[in-house]
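Undergrad: Chains as they are written, first to last, in our numbering: chain A, 7 to 119; chain B, -19 to 93.
Read the hints as simulated data drawn from the structure, not as lab findings.
Every residue gets a Cβ at the ideal spot worked out from N, C-alpha and C, and that includes glycine.
There's no promise every hint is true.
Pairs of lysine to any residue residues, derived as SDA-like cross-links and limited to a Cα-Cα distance of at most 25 Å, are as follows [to be verified]:
1) B:K37 x A:K62
2) A:K48 x B:G(-18)
3) A:K8 x B:E4
4) A:K8 x B:P65
5) B:K(-11) x A:F81
6) A:K73 x B:Q80
7) B:K37 x A:N106
8) A:K48 x B:F68
9) A:K48 x B:G(-17)
10) A:K62 x B:Q80
11) A:K8 x B:N79
12) A:K48 x B:Q80
13) A:K48 x B:T57
14) A:K48 x B:T(-15)
15) A:K48 x B:P81
16) A:K48 x B:D39
17) A:K48 x B:N64
18) B:K51 x A:Q105
19) A:K73 x B:N79
20) A:K48 x B:N79
21) A:K48 x B:D10
22) A:K48 x B:E4
To list a few chain A residues with every Cβ distance to chain B over 10 Å, as calculated [what the hints assert, rightly or not]:
23) A23
24) I24
25) S26
26) K48
27) P50
28) E51
29) R66
30) S75
31) Y77
32) S90
33) S98
34) V108
35) G110
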Amino acid sequence: QKEVEQDPGPLSVPEGAIVSLNCTYSNSAFQYFMWYRQYSRKGPELLMYTYSSGNKEDGRFTAQVDKSSKYISLFIRDSQPSDSATYLCAMSATRNYGQNFVFGPGTRLSVLP
Amino acid sequence: DGGITQSPKYLFRKEGQNVTLSCEQNLNHDAMYWYRQDPGQGLRLIYYSQIVNDFQKGDIAEGYSVSREKKESFPLTVTSAQKNPTAFYLCASSRWATNQPQHFGDGTRLSIL
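Generate the whole structure from the sequences, applying the supplied hints.
TA: Encoded structure:
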């Protein structure tokens, strides 16, 4: 079993839809969770950074962490064609330095106009 | 604007040739990282450096080498010993402290001629 799993997609939705992107993980020590957006032929861009369980909202984006289920989600409201990208989750345990971060393989999202 | 610059964007390697990928950052970050990204896989750490003149192997260091002579620069050499070098290479940096998210450059795509 991989340490972090994501549905690879591609996920196609119409413009304006609510999108749910998910990661599951196996290491209960993970406490810090990140979502990155990666456009084609570009590097990942940090979208959201959360600690422990709960929700965090930033504009149209909401990150949700359920540590009891080892499951994190990124919701995108009112999705736009410009949201079409690959979304990577990343996570780390407490007192981890960067070399110990674990990245998911990414989910490719297409928002159709 | 602060950021990470990777060059070249595309690189071709002949059999038996070493090639060097450039990474420069002006974020004043202490730590720098090199990742390899392959389709369907999470980012895999090649090397990282927490300070000038010091670097450590990551999970897949075989066939690669790095140097860190300046805080701003962390070049990666893909040697002829790396038998499967075709991939997208990402450089990242962060503050050297626990659980600091990483910021990425826009990558170099390396292909074999």
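Undergrad: If a hint holds in the structure, say so; if it doesn't, say that too.
TA: So, going through the hints one by one against the coordinates:
no.: 1; hint: B:K37 x A:K62; result: 34 Å, violated
no.: 2; hint: A:K48 x B:G(-18); result: 17 Å, holds
no.: 3; hint: A:K8 x B:E4; result: 32 Å, violated
no.: 4; hint: A:K8 x B:P65; result: 23 Å, holds
no.: 5; hint: B:K(-11) x A:F81; result: 32 Å, violated
no.: 6; hint: A:K73 x B:Q80; result: 20 Å, holds
no.: 7; hint: B:K37 x A:N106; result: 12 Å, holds
no.: 8; hint: A:K48 x B:F68; result: 10 Å, holds
no.: 9; hint: A:K48 x B:G(-17); result: 13 Å, holds
no.: 10; hint: A:K62 x B:Q80; result: 18 Å, holds
no.: 11; hint: A:K8 x B:N79; result: 21 Å, holds
no.: 12; hint: A:K48 x B:Q80; result: 21 Å, holds
no.: 13; hint: A:K48 x B:T57; result: 21 Å, holds
no.: 14; hint: A:K48 x B:T(-15); result: 11 Å, holds
no.: 15; hint: A:K48 x B:P81; result: 18 Å, holds
no.: 16; hint: A:K48 x B:D39; result: 23 Å, holds
no.: 17; hint: A:K48 x B:N64; result: 22 Å, holds
no.: 18; hint: B:K51 x A:Q105; result: 17 Å, holds
no.: 19; hint: A:K73 x B:N79; result: 17 Å, holds
no.: 20; hint: A:K48 x B:N79; result: 24 Å, holds
no.: 21; hint: A:K48 x B:D10; result: 23 Å, holds
no.: 22; hint: A:K48 x B:E4; result: 16 Å, holds
no.: 23; hint: A23; result: 25 Å, holds
no.: 24; hint: I24; result: 25 Å, holds
no.: 25; hint: S26; result: 20 Å, holds
no.: 26; hint: K48; result: 5 Å, violated
no.: 27; hint: P50; result: 5 Å, violated
no.: 28; hint: E51; result: 7 Å, violated
no.: 29; hint: R66; result: 20 Å, holds
no.: 30; hint: S75; result: 20 Å, holds
no.: 31; hint: Y77; result: 17 Å, holds
no.: 32; hint: S90; result: 17 Å, holds
no.: 33; hint: S98; result: 6 Å, violated
no.: 34; hint: V108; result: 7 Å, violated
no.: 35; hint: G110; result: 5 Å, violated
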